[in-house]
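Peer 1: For reference, the chains in residue letters:
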Amino acid sequence: MSDKPVDKPKKDKVPRQAMPEQEPQVRARNFEEVPLGLSAESAVLEASRCLQCKKPSCVEGCPVNVQIPEFIKCMAEGDFLGGIRQIWQRNSLPAVCGRVCPQEAQCEGSCVLGKKDAPVAIGNLERFAADWARKGGTAELPPKAPPTGKKVAVVGAGPASLTVAGDLILRGHEVTMFEAFHRPGGVLVYGIPEFRLPKEIVFSEVNFLERLGVKLECNTVVGRSITVDELFEEGFDAIFVAVGAGLPKFLGIPGENYIGVYSANEYLTRSNLMKAYLFPKYDTPVVIGKQVVVLGGGNVAMDSARTALRLGADQVHIVYRRSRDEMPARAAEVHHAEEEGVKFQFLTAPTKFIADDKGRVTAMECQRMELGEPDASGRRRPVIIKGSEFILDCDLAVIAVGAGPNPLLTSSTPGIALNKWGYIDADPKTGKTALKGVWAGGDIVTGSATVILAMGAGRLAANSIHDYLMRGW
Amino acid sequence: MYEILNKEVLAQGTVVLNEISAPRIAGKAKPGQFVILKANETGERVPLTMADSDPKRGTITIIYQVVGKSTHMFADMPVGASYQDVIGPLGKATHLEKVGRVACVGGGTGVAVLHPITRGMKEAGNEVIAIIGARNKDLLILEDKMRAASHVLKVCTDDGSYGHHGFVTDVLKGYLTGPEKVDLVVGIGPVPMMKFLTKLTKEYGVKTMVSLNPIMVDGTGMCGCCRVTVGGKTQFACVDGPEFDGHTVDFDELTQRLAAYREDEAKSWARYKEECACRTR
Ligand SMILES: Cc1cc2nc3c(=O)[nH]c(=O)nc-3n(C[C@H](O)[C@H](O)[C@H](O)COP(=O)(O)OP(=O)(O)OC[C@H]3O[C@@H](n4cnc5c(N)ncnc54)[C@H](O)[C@@H]3O)c2cc1C
Ligand SMILES: Cc1cc2nc3c(=O)[nH]c(=O)nc-3n(C[C@H](O)[C@H](O)[C@H](O)COP(=O)(O)OP(=O)(O)OC[C@H]3O[C@@H](n4cnc5c(N)ncnc54)[C@H](O)[C@@H]3O)c2cc1C
Ligand code: SF4
Ligand code: SF4
Ligand code: FES
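Chains as they are written, first to last, in my numbering: chain A, 1 to 473; chain B, 1 to 281.
Isolated chain A, as found in the complex (with noise of 0.2 Å):
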């Protein structure tokens, strides 16, 4: 994805807008968020450079399938409000959405657009549309069905959790949302950083939920606080679950308990929901890095690369297994990275963490790799250089090589069957588990995905729930 403007596009002369950021050098110390939001005056251009196709690819692009010609033919209008509603149609959370969809992947990179010229940056519209609402524009809530007296519980309040909540308090049922944090919002407010997703949007949607009704537990880990089983003796009459994919994978190799090793979970934990960005004014400390490595390269070894640059580090590396076309973060990030000064390593696997007598890590043996023969996924396999073995120097390491499925709820209740690797087994196209009355979404099915994914999961088990509690099971 490129922000800089087109020189010719082909039905007239505006060009992508771009979005204005903080520059590199300030923003890469600074939490401040990077992109700071379009104009109104631009939004509308950028709107105006929309075809309005009849059979548009975009929408098809999109996971939740947003009306994004309809949207933004109000935008191009001047129309916001009238934009945010058909956003609101099928996406609860357009203010996060905006920010952090691979649009790359997903409606941008479906636009017919993009075919010659810059797609219509419709991630960078929308976010404008919500950001517009929440700083004003409306104060509306949407009309509420009258009670149905059934009951949901909604077990971690991440995205898929809010598009069910938000869904089904709509359809007149009640919705209490159990989260095992001290605060909601799951990977959005623990993992993904403040300069990339401001927590306060977050808390404006949490917000917007209570206000329309839905109950807010947290603090209540299920399978430990209280279990499934027992929330059917409560009274609910269905639930459904959406923990995440929240495991953090170690790679195995000597010295990962080192001090300043961290999972990438842990590091951004801290930085992040516990604010040791702001130590001491806020209690929790972090290892500050001046060299820091980065083992990974998606999303979260992105935000882990970026968070050590702006709480200190020299220099930061981002350790990479396979090679740039491979790695799976948004193309804005890694352009981001690349701008605020973020070295890759690529071909590089670490062997082991070296420490000093205090056992505070101090290097990384690496080796570098090769590509070889294409794998079962079609990608080419990295294999070993062998006698390529060199050292990296590090005061902190961050493994982000994935997430697997926690195992705390799902151990803890009998008969909601799990595939192979640990995730729950729900139905595709309703989210439906193997217990009756459970249903499950996001990244505890699918494993780590998408914002997106998450809440399109969150979508049709919402449909299949309130199906079930109006007509049985």
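Note that these hints are calculated values from the structure, not bench results.
Keep in mind that a hint or two might mislead.
[Unchecked claim] For lysine-lysine, the following DSBU-like pairs were computed, each having C-alpha atoms within a straight-line distance of at most 30 Å: (1) 358/A to 195/B; (2) 420/A to 436/A; (3) 358/A to 199/B; (4) 28/B to 150/A; (5) 436/A to 199/B; (6) 386/A to 233/B; (7) 358/A to 28/B; (8) 215/A to 30/B; (9) 275/A to 273/B; (10) 249/A to 290/A; (11) 92/B to 275/A; (12) 7/B to 352/A; (13) 7/B to 30/B.
On a predicted model such as this, the values are computed, not experimentally measured, just so you know.
Guided by the hints, dock chain B with the ligands onto chain A, whose structure is given.
Peer 2: Leaving out everything else, chain B with the ligands in the frame of chain A:
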């Protein structure tokens, strides 16, 4: 909000008891489990074992040693004040079954953690020998409760100011070498004490359970902060523990990891002292 209903200072102002209103947790808590507490908006998440719980009153009891910023802040909270967040019960409950003769050995504030387990062991039908110790008489806690929870109670102090002059391990050794077999040892206290205790019981081949206290964040197996090496494998103390077979624990690694934030903790504590001084001035 989780209100403090009752507060007691147990030992010279360095060990404090809080009874806290937390009905949902109180209804589920089992011996060996812990909670995570956060005092206020800027506070950190602090793990503390439940020393007791009362489902009828809807309360849990914690007993903590006042060591740094967070525990000082806790100790400064009066009855009627509230913790912003209390999460739990966390961790696996102690496996309580009849094995025969059990020695429950506690040092310092570890006695608070040991007490519900001792009681549970007795209720499970075991013959329970309790051995508790502290640096001196004033630091000794829960003597009466431990006496009631066991068949025999032995007390030691490092300086000889009360009970047996010496370490809990010395007294335990007497039992290990005695005529009657000890089937299980439960040892809870400072890391060095647990390290020496397990070394001793290993010599005599007596199975030993310890409760580990690594630094934690979420307490639900999500972050890996609490990882400990047990039997050569990485375990997460918050979900796989906190109790483990003491003979296979890498105590040296645990000791190192517990020191990870020493400098920051000192900074935090100094800052808090200053703030308190300002307030009282
Ligand atoms: C650092 C990071 C960056 C990312 N960046 C992007 C991005 O740019 N774009 C994008 O689309 N996606 C991104 N993702 C992925 C995206 O955030 C996830 O796919 C999405 O959040 C999954 O939503 P969810 O609702 O399934 O679960 P989560 O967001 O994981 O929420 C699960 C919630 O359940 C709670 N919970 C867990 N166990 C229990 C329990 N037993 N009882 C009660 N509550 C429980 C958790 O505390 C959590 O709040 C990123 C992920 C990470 C970690
Ligand atoms: C499962 C578990 C149960 C515990 N039960 C008890 C108990 O019943 N009574 C009791 O007095 N203490 C208990 N502890 C220890 C207690 O959590 C620490 O003493 C407390 O966090 C210190 O915080 P502080 O800010 O006052 O001191 P700090 O100055 O911050 O720390 C003092 C020392 O405490 C340890 N520590 C710091 N932060 C944490 C943390 N987040 N988690 C764990 N340890 C930390 C470190 O070794 C540190 O050097 C338990 C710990 C665990 C993990
Ligand atoms: S929800 Fe995401 S994919 Fe869909 S239109 Fe919005 S930004 Fe694009
Ligand atoms: S594909 Fe592009 S140009 Fe066509 S409607 Fe969608 S956003 Fe507009
Ligand atoms: S404290 Fe986070 S995994 Fe145990």
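Peer 1: Run every hint past the structure and note whether it holds.
Peer 2: How the hints compare with the structure:
Our distance criterion of 30 Å between C-alpha atoms is met by residue 358/A and residue 195/B, whose separation comes to about 18 Å. Restraint check: the Cα-Cα separation between residue 420/A and residue 436/A comes to about 21 Å, which is no more than 30 Å; the hinted pair holds. For the given pair, residue 358/A sits about 23 Å from residue 199/B by alpha-carbon distance, which is consistent with the 30 Å threshold. Among the hinted pairs, residue 28/B with residue 150/A is consistent with the structure: their alpha-carbon atoms are about 26 Å apart, no more than 30 Å.
Between residue 436/A and residue 199/B the alpha-carbon distance is near 51 Å, which puts this suggested pair outside the 30 Å criterion. Of the supplied pair hints, the one linking residue 386/A and residue 233/B holds, its CA atoms being roughly 28 Å apart against a limit of 30 Å. At most 30 Å may separate the alpha-carbon atoms for a hinted pair to count; residue 358/A and residue 28/B exceed this at roughly 40 Å. Between residue 215/A and residue 30/B the alpha-carbon distance is near 28 Å, which keeps this suggested pair within the 30 Å criterion.
For the suggested pair residue 275/A and residue 273/B, the alpha carbons sit about 21 Å apart, so the restraint of at most 30 Å is met. A distance of roughly 24 Å separates the Cα atoms of residue 249/A and residue 290/A; the hinted pair therefore holds under the 30 Å criterion. At most 30 Å may separate the alpha-carbon atoms for a hinted pair to count; residue 92/B and residue 275/A meet this at roughly 29 Å. Proximity of residue 7/B to residue 352/A is assessed by CA-CA distance (about 48 Å); at most 30 Å being required, the pair is judged violated.
For the given pair, residue 7/B sits about 22 Å from residue 30/B by alpha-carbon distance, which is consistent with the 30 Å threshold.
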